[in-house]
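> Read off the chains here:
2 protein chains.
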Amino acid sequence: MILDITISLDGFVTGPDDAVQALHEWAVGDDRTEQDVEQLATLTAATGAVVMGRHTFDVVDGPDGWNEDMHYGADQGDVPPPCFVVTHRPPEHVRLTDRMTIVTTGLRDALDQATAAAGDKDVFIMGGGELGGSALRDGVVDKLHLHVAPVLLGAGTGLFEGSRVTLRIDEAATVVTRNAAHLYYDVVR
Amino acid sequence: MILDITISLDGFVTGPDDAVQALHEWAVGDDRTEQDVEQLATLTAATGAVVMGRHTFDVVDGPDGWNEDMHYGADQGDVPPPCFVVTHRPPEHVRLTDRMTIVTTGLRDALDQATAAAGDKDVFIMGGGELGGSALRDGVVDKLHLHVAPVLLGAGTGLFEGSRVTLRIDEAATVVTRNAAHLYYDVVR
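Residue numbers (this note's numbering), protein chains in the order written: chain A, 11 to 199; chain B, 11 to 199.
These aren't lab readings, by the way, just hints derived from the structure by calculation. All residues carry an ideal CB built from backbone N, CA and C; glycine is no exception. Accuracy of the hints is not assured; some may be wrong.
As the list claims (entries may be wrong) - Which stretches of chain B does chain A cover? Using the computed rule of at least three CB atoms under 8 Å from a CB of chain A, they are:
no., stretch
1, 172-181
2, 184-198
Unchecked claim - Non-contacting residues of chain A with respect to chain B, defined by C-beta distances greater than 10 Å in every case (computed):
no., residue
3, I12
4, D41
5, A51
6, A56
7, G72
8, P73
9, G75
10, R118
11, S144
12, L162
Model the full assembly from the supplied sequences, consistent with the hints where possible.
Here it is in structure tokens:
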């Protein structure tokens with residue numbers, strides 16, 4: 011499984027007020043570089059299924075979430091991949107009904123279902139911080155992709171709490187732009 | 011002022027038990043790469059004076075600390091630069107007496123003395139985490155050099171607590187090796 015997530019340099023996936031924009035400039039901002047766009051396209055093309063937590067679902071399935079203009083859609087000539095939402099609070103309303111599967115039986119069940127749905131492609135855990143952190147602590151992460159935005163937020167939802175993991179960086183894959191250091195690691199077991 | 015420090019990917023400058031070795035492999039390990047050695051040599055050559063906290067002093071001035079074989083010495087053909095130790099607990103014994111100045115009146119005083127001593131070269135704050143963190147919070151850091159080791163420690167002395175800072179990465183200076191992502195940032199004011 012691949013945990014692919016955007017964080018601040020101090021390890022937060024969300025922060026106070028307007029931090030979301032600063033974090034995700036590389037992915038959805040007006041100041042994206044060509045290299046940023048390439049990173050996202052490569053990752054998107056490799057994605058067979060996505061596992062996400064409830065907060066992330068609320069964003070991407072919300073009215074300002076995934077649509078034909080961003081992330082998955084026009085750029086890829088494709089709809090979003092199958093998504094598995096790990097939550098103990100099933101949402102009352104789902105917008106992207108043909109894409110979203112609500113899983114109330116935990117992360118491992120969601121990963122199993124995602125693996126079956128992904129075919130030859132990869133399963134991406136896209137966050138948020140709570141789900142990503144528990145995936146790291148549970149030892150189900152094989153690869154860690156970090157898009158590290160050049161900002162210290164000072165507060166927010168952390169990703170790494172309590173995880174002790176040795177990593178091996180994929181030097182060749184690493185790309186640094188003004189918007190993010192795209193760092194690709196393998197988990198060493 | 012330049013804050014130049016080695017951290018884990020989860021932002022700790024020290025961690026449990028044997029973590030120090032994993033963190034500093036790039037600088038003092040047997041597995042250093044040519045690029046790692048170049049990074050250290052470039053930084054060392056640019057250093058006019060060093061500001062450090064008491065924990066760091068205890069390490070570098072201790073019996074296993076700086077000597078002719080490492081960091082400053084044979085490689086550089088030089089002795090360590092003038093060092094200014096910020097502490098409220100002056101040490102009873104100083105080994106490198108001609109290099110170490112104990113400053114009990116705070117970080118800003120130490121930076122002033124270091125600036126005077128550095129001449130045309132740069133002043134480096136080399137840590138530890140407490141001193142580096144307070145330098146970031148106090149707004150006296152102009153450049154942040156991070157050597158990010160590929161490990162999540164899960165616990166230790168953090169660097170970034172409470173700092174909210176916007177940064178600009180120096181893409182051209184960035185180098186990634188198997189031992190560290192050497193990331194160079196300017197603080198944006």
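> Compare the structure with each hint and give your call.
Against the structure, the hints come out as follows:
Counting residues of the stretch 172-181 of chain B whose C-beta lies closer than 8 Å to any C-beta of chain A gives 9; at least three are required, and the coverage claim holds. Coverage of the stretch 184-198 of chain B by chain A holds in this model, with 7 residues showing a Cβ closer than 8 Å to a Cβ of that chain against a need of three. No Cβ of chain B approaches the Cβ of A:I12 within 10 Å, the least distance being about 16 Å, so the stated non-interface status holds. For A:D41, the shortest C-beta to C-beta distance to chain B comes to about 12 Å, beyond the 10 Å cut-off, and the non-interface label holds.
Every Cβ of chain B is farther than 10 Å from the Cβ of A:A51; the closest lies at roughly 20 Å, confirming the non-interface assignment. The claim that A:A56 is not at the interface with chain B holds, since no C-beta of that chain comes within 10 Å of its own (minimum 21 Å). Residue placement check: A:G72 keeps its beta carbon more than 10 Å from all beta carbons of chain B (closest about 27 Å). Residue-level check passed: A:P73 sits 29 Å from the nearest beta carbon of chain B, beyond 10 Å.
With a closest Cβ-Cβ approach of about 26 Å to chain B, A:G75 is found to remain outside the 10 Å limit, as its non-interface label requires. Every CB of chain B lies more than 10 Å from the CB of A:R118, the least distance being 21 Å, so the non-interface label holds. Even its closest Cβ contact with chain B, about 14 Å, leaves A:S144 beyond 10 Å, as expected for a residue assigned away from the interface. Its beta-carbon lying about 4 Å from the closest one in chain B, A:L162 breaks the requirement of being farther than 10 Å from that chain.
Of the hints listed earlier, the one the structure fails to meet is number 12.
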